[in-house]
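Heads up: the protein sequence lines correspond to chains A, B, C, D, E, F, G and H, in order.
Per this note's numbering, residue 1 is the first one in the first sequence, and the count goes up by one each step.
Per this note's numbering, residue 1001 is the first one in the second sequence, and the count goes up by one each step.
Per this note's numbering, residue 2001 is the first one in the third sequence, and the count goes up by one each step.
Per this note's numbering, residue 3001 is the first one in the fourth sequence, and the count goes up by one each step.
Per this note's numbering, residue 4001 is the first one in the fifth sequence, and the count goes up by one each step.
Per this note's numbering, residue 5001 is the first one in the sixth sequence, and the count goes up by one each step.
Per this note's numbering, residue 6001 is the first one in the seventh sequence, and the count goes up by one each step.
Per this note's numbering, residue 7001 is the first one in the eighth sequence, and the count goes up by one each step.
Honestly, I wouldn't trust all of these hints.
What the hints assert, rightly or not - Covered by chain H, per the in silico footprint, the following chain G stretches (three or more residues, Cβ under 8 Å):
| id | segment |
| --- | --- |
| 1 | 6115-6128 |
| 2 | 6136-6146 |
| 3 | 6163-6174 |
| 4 | 6210-6217 |
| 5 | 6225-6231 |
| 6 | 6332-6345 |
Simulated from the structure, these hints should not be mistaken for lab results.
We put the beta carbon where it would ideally sit given N, CA and C, even for glycine.
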Amino acid sequence: MSLNEEIVIAGFGGQGVLSMGQTLAYAAMLDGKEVSWMPSYGPEMRGGTANCNVIVSDERISSPIVSTFDTAIVLNQPSLEKFETAVKPGGLLLYEASTIVNKPTREDIDVVEIGAAKEAQKLEKKQVANMVMLGAYLCKKPIVNVGLVMDALRKALPERHHKLLPINEQALERGKALANGGG
Amino acid sequence: MSLNEEIVIAGFGGQGVLSMGQTLAYAAMLDGKEVSWMPSYGPEMRGGTANCNVIVSDERISSPIVSTFDTAIVLNQPSLEKFETAVKPGGLLLYEASTIVNKPTREDIDVVEIGAAKEAQKLEKKQVANMVMLGAYLCKKPIVNVGLVMDALRKALPERHHKLLPINEQALERGKALANGGG
Amino acid sequence: MERTFIEEDWMSKPDALVYDNHPETLIDRPLHYCPGCHHGVAHKEIMHVVEELGIQSEVIGVAPVGCSVFAYHYMNVDMQEAAHGRACAVATGIKRVRPDKTVFTYQGDGDLAAIGTAETLHAVNRGENILIIFINNAIYGMTGGQMAPTTLEGMQTSTTPYGRNIKDIGYPLKMTDLVAHLPGAYYVTRQSVHTPNAVRKFKKALKKAFEYLKDERGTCFVEIVSNCPSGWKMTPVESVSYIEEKMLPEFPVGDLKTPEK
Amino acid sequence: MERTFIEEDWMSKPDALVYDNHPETLIDRPLHYCPGCHHGVAHKEIMHVVEELGIQSEVIGVAPVGCSVFAYHYMNVDMQEAAHGRACAVATGIKRVRPDKTVFTYQGDGDLAAIGTAETLHAVNRGENILIIFINNAIYGMTGGQMAPTTLEGMQTSTTPYGRNIKDIGYPLKMTDLVAHLPGAYYVTRQSVHTPNAVRKFKKALKKAFEYLKDERGTCFVEIVSNCPSGWKMTPVESVSYIEEKMLPEFPVGDLKTPEK
Amino acid sequence: MARKATVLIDKELCKGCELCVIACPLEGLVLSDDLNLKGYRIVRLDTDKCTGCVNCALVCPDSAISVFREPKAAKPEAT
Amino acid sequence: MARKATVLIDKELCKGCELCVIACPLEGLVLSDDLNLKGYRIVRLDTDKCTGCVNCALVCPDSAISVFREPKAAKPEAT
Amino acid sequence: MSEGNGKDVRLMKGNEAFAEAAIRAGMDAYFGYPITPQSEALEYLTREIPKRQGVVVQAESEVAAINMIYGAAGAGARVMTSSSSPGVSLMQEGISYIASAELPCLLVNINRGGPGLGTIQPSQGDYFQSTRGGGHGDYRTPVLAPATVQEMVDFVFEGFRIAEEYRTPTLILADGALGQMMERVELPPEGSLPHEIPSWATTGKTPDRESNVITSLFIEPEKMEKVNEKLQEKYRSMEKEITFEAENVEDADIVVVAYGLSSRISQKAMHMAREKGIRVGSFRPKTLYPFPYEALGKLAETAKSFLVVEMNAGQMVEDVKLAVNGKRPVGFKGRMGGMIPDPDEILAAIENIDN
Amino acid sequence: MSEGNGKDVRLMKGNEAFAEAAIRAGMDAYFGYPITPQSEALEYLTREIPKRQGVVVQAESEVAAINMIYGAAGAGARVMTSSSSPGVSLMQEGISYIASAELPCLLVNINRGGPGLGTIQPSQGDYFQSTRGGGHGDYRTPVLAPATVQEMVDFVFEGFRIAEEYRTPTLILADGALGQMMERVELPPEGSLPHEIPSWATTGKTPDRESNVITSLFIEPEKMEKVNEKLQEKYRSMEKEITFEAENVEDADIVVVAYGLSSRISQKAMHMAREKGIRVGSFRPKTLYPFPYEALGKLAETAKSFLVVEMNAGQMVEDVKLAVNGKRPVGFKGRMGGMIPDPDEILAAIENIDN
Ligand SMILES: Cc1ncc(C[n+]2csc(CCOP(=O)(O)OP(=O)(O)O)c2C)c(N)n1
Ligand SMILES: Cc1ncc(C[n+]2csc(CCOP(=O)(O)OP(=O)(O)O)c2C)c(N)n1
Ligand code: SF4
Ligand code: SF4
Ligand code: SF4
Ligand code: SF4
Ligand code: SF4
Ligand code: SF4
Ligand SMILES: [Mg+2]
Ligand SMILES: [Mg+2]
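Just chain A, with the same shape it has in the complex (with noise of 0.2 Å):
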């Protein structure tokens, strides 16, 4: 069957909800598959929360705006009010454990609770719990490779902060083991 994975990535606006989608987008686009990245815009943006759609496909992509997924990534508790109830039936719901106050409550779907936030700070770097949370997602759904991701981001980030990188990976590693059951 040919690949095409809708993904809604939504939280806070500092929490890099829009560079975690453009990562593995980018990623995606590294491996050869057509991949659309569209933000939200506008003055819902003024309360803060932020969210973007991703699409990855072996197929040219119609629209880049939909309105179900296949997976959601959830940083915060607004947008788990949002999109819970967007994701496709048998599709999968990653949440950071630190800001969801109400759980989840759909039982057709894969909910996984990820503590990205935590595992970040274990990590003396709280910028990273996205790539934690992207970890987390690959080992889900792997749909590119770790590796890949990685090419996207020394290729996303200014020489400058190349530095970061091995924070990173470890980071996408770690969320791979949480959602693996492991940390």
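For this one, chain A is given, so just place chains B, C, D, E, F, G and H with the ligands on it according to the hints.
Just chains B, C, D, E, F, G and H with the ligands now, kept in the frame of chain A:
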């Protein structure tokens, strides 16, 4: 034959060109005729010249702007230059004596010189030169009678100016006389 | 809502509530602004003043295009949403046909001082009997933090990534000063809302402005030096210091024109 | 043309012509203006200054919408005809891509001070290195004598048939004063051309303005208090007295801002 | 000792901006670790000494704070 | 006596506005009864005393006036 | 200047006539900016309104004027502005806002020759702008096209009625000649068009109602789509306002389609052609939007061909083609940039088809 | 962010992609004003241009921006501005001036949902404004409608070429999604589009030539008519620039006609329909003006019906009807106000026709 008279009246801004046309149109309207009056407008006015087209007709008038005329009444040299050629063969050209340096040359039309300014000076009211001219025109082409012109003036002039009606009437009569070869 | 919860006996007494966070003039609805944004402070205190003056039914407000585009979601008075920059023209239209009403605009610096420059200055020059509230955060908040005419020299924004360069793109525009020079302006003041006392002074000035409007002797104009934590890329607390240290020296608070002068 | 006719022997000597009515920079073509209109005086003397400074090939002019819309029929320099009110934006566009050229606008009071208010003030606020020549005749000449923002109190125009009523429609707008308050303005002056000496002073000021432009330190702005015999419904001679008695008290001539100050 | 004044903070309105925190002369407000439904950490009153000065409420952008002060004993009504 | 200075008025450019008339310190310009082709009454120089002060030319809106002045005898050229 | 036979008959300029009509139609306010060839309207109103009733303000620009209109209309007043082509272009954003906020108002465009500064002579070059909504988004404005000074008067009443009935900006599109020319007009009595302040208007929130809000912002696309559906529904319901004038069409081989001034000239050409034995009819849409597609489509069953006459490059031709829907050929005769066709050249175009 | 295989391949946002393309196409100057959803273009340029070449100015408004464009284009520079719907409405007067003065420039409209302030979500509601000249007078602008971020790049080059070849303002019309989304793009090398300062530009009058004048004012209607004739002639000559993309049309019973984002979605629906055995083809105009009337008209000979899909109330429908000229029915499926149709609903519309 049904009446369809197309007239241009042209001169300097202060010469009463536009109101002469309006008075004629108004009088004809009172007579039950179809009428239109159309001024030239725009930057060409800057040079100080002004003109208007008047159409008096038994039929519905199609365009208020025409390019050839049954009659041209011209009150200064540039207007003569502009409109002499626009008079239809067999048409009428009336011009003000005192302002024309180079006389009209066409021979296929009826050319009449009127000393309207001088006549108005005699009446000690130089503003009525246009009525002298109108009188002269109506002598040549009695498309409406002078009584109706006076009615038109009465209605067009604000009450406080009605004291000027007699001198206007005199001017009209003098014009008629001048055009008749009298005066 | 927790606020109906009574912790002490005396709290249920009628006079106990000394600061009611939701006066009748303020619609009870969460604001869409970023955390710590001064738009919220301004909205709330404007509506407190309307409440205190008892003029809710007289007031017609005009919202701008800017982050405060939804001001009418919060302000419980009749309002019109103007096109970007045209609030003063819209207010003119309203005031001319409803001369007995109290008409105000609420406009950001992009709205009032960039695209709306002509409408603002001409409304004031005509001496329209309206109140213009100008919330100056030195940036385009709504569209993502671009330079405004009031952006400070050297300030980084999304369209001055290397800092506002005076030589290239000019100077922070002092609209309020220009307005004060116009004879149509009746009362012109600049205030801020970054500290409790600043808020108190702002309220006082605003109340005066509403009252002066009744004189029908020209335009009242109240600038609020304000923040935009998101556009400034600061925490709200940092933004308060920035106001104190950078904004106020460039835009000093105080009355620029009073009817007495 | 009669002017090639020599009446006295000495007239053919090279230095004899002390005022050449048609310098190379002025296209030899009758002007379309009404008799006695100061646009003609301004055009002619601007071009004399360009001639004297020898900058014809450097200059790019911007004509407005107003009676002087055809300025390029007379001024023998490259020119662009701007939309009504937008000459300063057009000039900005030109100057930014041709920074080595001398760019000026020539605009009436309707053009510059009504519809073009924002473009004018923002060009100055950006400190565009352009020269703005503002010909203020307190009326819309082109469209038939309507009120302009600069129309004097009580003045009758075709849209203030009972005289300009301050209470209703506001005050004569002093754009030049506003401009002088902006830090982007480098040299700001108000002149007139209603007497020979006024013309001399205007020329001097204009020459300074062109020279200051070379400093590339901001906008130069020259207002010319001017007439409109047709719109004012006066003879040209009467209009000169009106300038002296009514216009100049409201719009006094002199420098408002000089680089030295 | 009973409190003389207090503030009520509407948890769901608070966005944790801390403008009230820096406005309280007593440093009586603190950012808690509690999250509200929007995911914001919220502020709580951490003093019994609140004077009801309303500083915090004045600067709160989100109208999250109401302030209560014990009314003075009512003067005996004039008959 | 030969004139020391004079003005030439381009008849077809003149619009008879009389701005030059009021500008001439000698009152040396007058509106004539002559009409030009546009129908304007035109101005003419009515004095031999014209000083070539250029006042009239400066204020003429229609660039109708050029001014001539007898050049001073040329200084002998330095060799 | 009345005829004195009971009726109020005058010889009036189109621009003054529509201004006078507006006063008589109970206009509360006019906001405008001078531009040739329609400045007489503002001039007339500044002269008359102080003696009668209402508000008149000379705005600092057309952009300001249209936004004053928005404000005053939102406050429930009966309002009008007028301008000419370049000025109307500047109003496009504002008109889109007014359409979206569903405010009633009357706009008059005395069309001059474009594009750009162009000329100030009569033109019909703004047909597309007027009928397709020159601003952004899916809105339309009803467009009335008078052909006589009398209709300049009548359509003001009609325009206000439509504007208020449908809560929509409504446009009168006439060319410069209709603004400048004087013709006989009969004026309706003052106050013959009743007007109440609508309940949705911003007049101050009283305790008995929620606050009234005038806005065109519906940030969720789902809501904005609803707004659009409502607008489209409204535009469909306007079809009953379609009016036109058909003459000699029953037996016509050739139907000349024209509006405004060019329809008058076309009618003359029709009569000339009839005299020569050519069976020509004339069809004049009075409403350009909504356009009389159906009526014209029916004519395609009897007529052999159509000739569109416009003072532009052939803009209404598209509507006529849409109406005729390929059934018959549609020809075009036009003049541009301020030129007015004369009956002879239209006749020639007719004869050209006939041969 | 290049792929490192010699080609310059990146993952880019549409707004940044067209900005980068402009720099590479040798743009001399950009003047613009922020508006969602296209502000990233100005942001990108203020970041990049100081490091590369050219001029970038944040104007005080869209009105100022378009007139700066006029000035800079008149001085012979290669210039561009971009905006979104309300901002573009404000530019209509200026665009009419630029068209009339025959100045080349590139305008980008990242269309959002209208009318009025509307939403900031993707829309195609500005089709009429773009293709019919929302400003006054008889002008048109070539309109290019990209469907991918790659085309956002390619059409910048194409747009500048057309603008300069025909001396005309040229428009890229894309919806908000194309501005906001990231896709793979391959960037052409810098400096691949040569540019000389044209001889008509205002660059200072040298003794060897008359003064150059840029104007749109031709006060005599006879002259203005000539100007218009020249413009119309030019527009006719642009027909050779018509481009479109047709897929599966040879045997199609139903041809889906769509442009931009909605064409991508329509193509998906076409494939879904083909799988169900319905013979559907897709036709995508890349140039909306000039419109591929002829090519589409030819399809009317083989296809049985047409379905137009737009993110508006059905504006291109008129052009498709004009092309099909009554030969076949033309249906419409649209979403409005910022809503994007999904392939399923288009498929349903197709099936609806098929039954
Ligand atoms: C005609 C037009 N141009 C541009 C925009 C986009 N826009 C929306 S708000 C805004 C500026 C907001 O800045 P400001 O007025 O300072 O308000 P703030 O958000 O900072 O409170 C802009 C440019 C628009 N909506 N309409
Ligand atoms: C957008 C637009 N609005 C209005 C006009 C009409 N118009 C032409 S010139 C002018 C005003 C002229 O007055 P001013 O600028 O003072 O110049 P003056 O003629 O007095 O020299 C106006 C309103 C126009 N051409 N374009
Ligand atoms: S973007 Fe700035 S102005 Fe807008 S809500 Fe956020 S903080 Fe306030
Ligand atoms: S109308 Fe006035 S400004 Fe225009 S040319 Fe005549 S006198 Fe001069
Ligand atoms: S009312 Fe005053 S003392 Fe009490 S918490 Fe607020 S700021 Fe502190
Ligand atoms: S100021 Fe208001 S929103 Fe901010 S932390 Fe305090 S209570 Fe919460
Ligand atoms: S040059 Fe001087 S003196 Fe001679 S005519 Fe002119 S103004 Fe008079
Ligand atoms: S100033 Fe010039 S135009 Fe006027 S009267 Fe004198 S010469 Fe003639
Ligand atoms: Mg701001
Ligand atoms: Mg003027």
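Structure-based check of each hint:
1. 6115-6128: Result for this restraint: holds, n = 11.
2. 6136-6146: holds (count 4)
3. 6163-6174: Violated, because only 0 residues of the segment 6163-6174 of chain G bring their Cβ atoms closer than 8 Å to Cβ atoms of chain H.
4. 6210-6217: Contact hint for the segment 6210-6217 of chain G vs chain H: holds, 3 residues under 8 Å.
5. 6225-6231: holds (count 6)
6. 6332-6345: Answer holds; 5 residues pass the 8 Å Cβ test.
Of the hints listed earlier, the one the structure fails to meet is number 3.
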